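J.: Chain residues, written in single-letter form:
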Amino acid sequence: MTRVVRKVLCIVCPRGCEVKVVIEGGEIKSIEGNACPRGAEYAVTEVRSPKRVLMSVVKCRDGDLPVVSVKTDKPIPKDKLLEVSKYLANIEVKAPVEIGDIIVENVLGLGANIVATRPCRKQK
Amino acid sequence: MAGLVYDVVVIGGGPAGLAAAIKTTEYGLKTLVLEQGEKLGGITLQCIHPGFGIHYFKEDLTGPEFIYRFIKKIESLGVEYYTNAYVESIEYRSIMEKKISVIMPGRVLDITTKTIIYTTGARERHRYEINIPGANVSGVYTAGEAQAMMDLWGVMPGKRVVIVGSGDVGLIMARRFALEGARVEAVIEILPYPGGLTRNIVQCLKDYNIPLYLSHAVVEIKGRKRVEKVVVAKVNENLEPIPGTEREIECDTVVIAAGLIPQVRLLEKLGVPIDPATRGPIVNDYLETSIPGIFVAGNALVINDFVDYAVEQGEQAADGARLFIENKGIHTRKWRRIVKGRNIRLAVPHYVSGDKDVVLYARVKWPEDNVWFRIPETGRKLFMPKVRPAEMIRYVLAKDDILKTTDKITLEVSGQ
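Respectively, the protein sequence lines represent chains V and H.
Position 111 of the first sequence, counting from 1, maps to 143 under the working numbering, and the rest follow consecutively.
Position 70 of the second sequence, counting from 1, maps to 71 under the working numbering, and the rest follow consecutively.
Quick caveat, the hints were computed from the structure, so don't treat them as lab data.
On a predicted model such as this, the values are computed, not experimentally measured, just so you know.
Do not take every clue at face value.
One side only, chain V facing chain H, incomplete, derived with CB under 8 Å [claimed, not checked]:
no., residue
1, LYS39
2, VAL85
3, THR149
Mimicking DSS-like on lysine-lysine, the simulated pairs with C-alpha atoms at most 30 Å apart in a straight line are [unchecked claim]:
no., chain 1, residue 1, chain 2, residue 2
4, V, LYS110, H, LYS160
5, H, LYS329, H, LYS357
6, H, LYS387, V, LYS83
7, H, LYS329, H, LYS405
8, V, LYS126, H, LYS74
9, H, LYS405, V, LYS61
A virtual CB, placed ideally from N, CA and C, is assigned to each residue, including glycine.
With the sequences and hints as input, model every part of the structure.
T.: Spelled out as structure tokens, the structure:
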């Protein structure tokens, strides 16, 4: 059986524990080095399915600025970040946009929406 | 001139300035905000990454989301503000009268005020300040310039990038470039440890397999019209390049993220003493500079890790301005000096009154583990699993503890 030791630097708090996760045959056998339960939880997520919030900008036609900043409204799998980023590079919205407006619903079927994080006012 | 007399003029419409103006307005003080840019908000508008407001709102927001909460409050309170307003000079007339000359499109204004809250933020250190010689070519930007290009204007500065400096700003830009499909060749850090928060090392570099070279420096930029490559070398303990260790990295863009310096030009012109460690003004616990009624907050005071601290300082300065106006000056019987002890690089404020609890901000000189942050004069100590130069220590010094002390209060970090 393959035995893998993954080292995860916990970022839940500033303490920064190095958590060792031992995986045998695809199953987590032990977790060491974490000072608190939150560290274990973080390490498991990092090993099983690391997720991140993506932030980017999309083109905004007729706006006070040429782009409007956006983010995913929940974390998405880490290995999909670049794909979503590329997808967003080809999106264009029309001003006005308000903070929280949904720009793309359920982006690439990942279960997260792309929402605006800045207003974009209509420019005459 | 009747319309141009204020209790408080806030110079700078970023987080610290808006927080200050909201508070002074709520106190019923006639307040004006002067912002040099086209919009209120300052640099947070271009910080589209999360991590803002965790302390203040208990929510993880992006820069624009965070600042628009303040902008909305400013609008709903009807706080007066001018954008595109460049402050040309500040003149001290008397304790309750300062004059500010403002240049705006098509007009020049003279404004009279009792107090000033100075929140102009910081500027970035540039290439020649950190001694990177070589070709004077295009493709060299500061991190903030690159950020404005990408996140306000939607322009990619380049495709193959070398980042100089591993502070949070450099790390966040490394991730931004990687996410937009650029290749980040390396982050070069002259010190033997990273400059940014650990979470940013993990989430901005490791996530994207971006190499970080510690104890390295960019010693030359090469290119004809545009950057073509940089020469990097290892450095010794004195941060001098070691001959024979040079190698070239091909790139089309160099991003300088070499730290921020409080922008205090107008205060310097007024003769305000500057602390060489923070590079901001010397202040008391009301965040008042040596000139009565001129307060300072945010990155103009000290470079902060978190926007929340800048906001907190803005609110403290607002309290100071209110007290100043009510009492025609801040009259304290006894000031205690904050003294930097072992492994303390900087500390703010510099003097405390004992009139109230005080929030102290300090940074260490070098990283250490399992240490105590101690204040011998008060007998207080706080265990810290880790101290890092990149991570500001925030400590609330209780009024009762201050009153126990006589002339000085020492901050130190030590093993016991």
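J.: Now tell me if each hint is right for this structure.
T.: Hints and how they fare:
| no. | hint | result |
| --- | --- | --- |
| 1 | LYS39 | 11 Å, violated |
| 2 | VAL85 | 6 Å, holds |
| 3 | THR149 | 4 Å, holds |
| 4 | LYS110/V x LYS160/H | 22 Å, holds |
| 5 | LYS329/H x LYS357/H | 19 Å, holds |
| 6 | LYS387/H x LYS83/V | 27 Å, holds |
| 7 | LYS329/H x LYS405/H | 28 Å, holds |
| 8 | LYS126/V x LYS74/H | 26 Å, holds |
| 9 | LYS405/H x LYS61/V | 54 Å, violated |
The structure does not agree with the numbered hints 1, 9 stated previously, though it agrees with the rest.
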